[in-house]
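Chemist: In case you want the letters, here they are:
Protein chains: 2
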Amino acid sequence: MGDKKTVYVVSDSLGETANSVVDAAASQFDTDRIETVKFSHVKTVRELKNIVLKAADKDAMIVYTLINPELRKEFYTFGRERDIIMIDVMGPIMEKMENLLNSKPVLQPGIRHQLDQNYFKRVEAMEFTVKYDDRNDKKGIELADVVLIGVSRTSKTPLCIYLSYRGHKAANIPLVPEVDVPKLLYENPENKVIGLTIDPLLLNEIRLERLKALGLSQDSQYASIKRINEELDYADQIMKKIGCPVINVTNKSIEESANEVQEYF
Amino acid sequence: MGDKKTVYVVSDSLGETANSVVDAAASQFDTDRIETVKFSHVKTVRELKNIVLKAADKDAMIVYTLINPELRKEFYTFGRERDIIMIDVMGPIMEKMENLLNSKPVLQPGIRHQLDQNYFKRVEAMEFTVKYDDRNDKKGIELADVVLIGVSRTSKTPLCIYLSYRGHKAANIPLVPEVDVPKLLYENPENKVIGLTIDPLLLNEIRLERLKALGLSQDSQYASIKRINEELDYADQIMKKIGCPVINVTNKSIEESANEVQEYF
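Protein chains in written order, with my numbering: chain A, 2 to 266; chain B, 2 to 266.
In isolation and in its complexed conformation, chain A is listed as follows (with noise of 0.2 Å):
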């Protein structure tokens, strides 16, 4: 244990770079101890100056983002010279990015916020995966980019938007002994389904959560190792008869489930 530490994150564009960072270094150390502070558009001399005398003020140490290299360079000798601790995300890669391609950097602060083609193919794979959540849609399997199919539980739904968010048009459909699938599945077009499963006694436990969460019984047959294993049986079935791959989502973040799908695609 200790005493609480501050970290100033700043940048020239919103900071998600460098908060990205931070976080990944944090999350190694006693992440309560530690607090982050962020500064967006910071673009001036002045504006850089304050949060040095601030930072001073506070002990806290500064993580930073700036495009510029005048800029980098003054905040980072101002910094100094009140002994904060200063960490140039940007700077090192920058300038061998320069190095390596031979061409200079357009200077040009969020320049991956802009709104491009990109960014509205994002837009509309977001709103196509929210839209073909949890159906039992043939048109969502014409229209996707990938198909998830798996049990109540899988994962489906918070691995689309995931997806979505990296501009896939995610589908997902849900797996039910009682409920067919469309035929179109089988048919698997352009190879985009992909199966998900999962550890019985760990579905058994996030089912009973969701029971719990819910206020429902937790007798429920939804829960039941009996009823989860008949579940995964069929899902198996359908799986094997697609013949797509599939893939354990048991102890696995999003992040992760997310990798292994874009492999596939």
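Everything labelled a hint here was simulated from the structure, so no lab data went into it. Just so you know, nobody snuck in bad clues.
Which copy is meant is left open, so a pair is good if it fits within one copy or across any two.
Simulated crosslink set (DSSO-like; lysine-lysine; CA at most 30 Å straight-line): (1) Lys213 with Lys139; (2) Lys44 with Lys97; (3) Lys105 with Lys253; (4) Lys97 with Lys5; (5) Lys50 with Lys253; (6) Lys6 with Lys122; (7) Lys105 with Lys5; (8) Lys193 with Lys39; (9) Lys213 with Lys140; (10) Lys122 with Lys5; (11) Lys39 with Lys97; (12) Lys105 with Lys6; (13) Lys253 with Lys44.
Treat the numbers as computed from the prediction; the structure is a model and nothing was measured.
Here the structure of chain A is known, so what remains is to put chain B in place on it, guided by the hints.
Modeler: Chain B only, in chain A's frame:
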């Protein structure tokens, strides 16, 4: 113009942090000239040495996140011996954080992806958001952390998805002059309602695109300036009556608008 260059992203976990640093840097150059190859879950010296040999062969630059300081050091030394540009994303910040906190890191790769409470909170938020997307529903208002309102095509859905991915239960309610909103909205419980507005001319363009994408006639009143102005006036009245903050999403990316939303709650 110039030839293509390769960047190797190497990580003992998924490589998302290194990837986002590479993307941010690459966006400042001609991104078509940069090809990224990702190596995830790399954990042994042998694997790292193989990657260096491949990189030397391809004249690739290496950007890496490794938690273990000895692996980091060995990788760096081996890479530099082969004259490879080596960018260590995690090393500098982890060393400084160790000093700042005066505590040792746990040295466990992928710790952020653990299935902890925070993780389940995010999954729950995503499922909530899919369920309460574009719904005129009292229950959504009751249960949400944040409720977005706005006319059609003001980015309600993508914004909610982004927020849910960050762990917030986000609901959205469409504003249409012909449909009454739930009474509860006017009470604005816990000040969770936020309005979205947009420039009428941009909305006109977006809706024309939308009609085109749906294969519908561009003459539809949906995209007419007259109708758009009526809708925006109506929305404006509702938002004033509620007294909620209003965010203008014109020319803003989802990330930027979401940043503003998060500042309000």
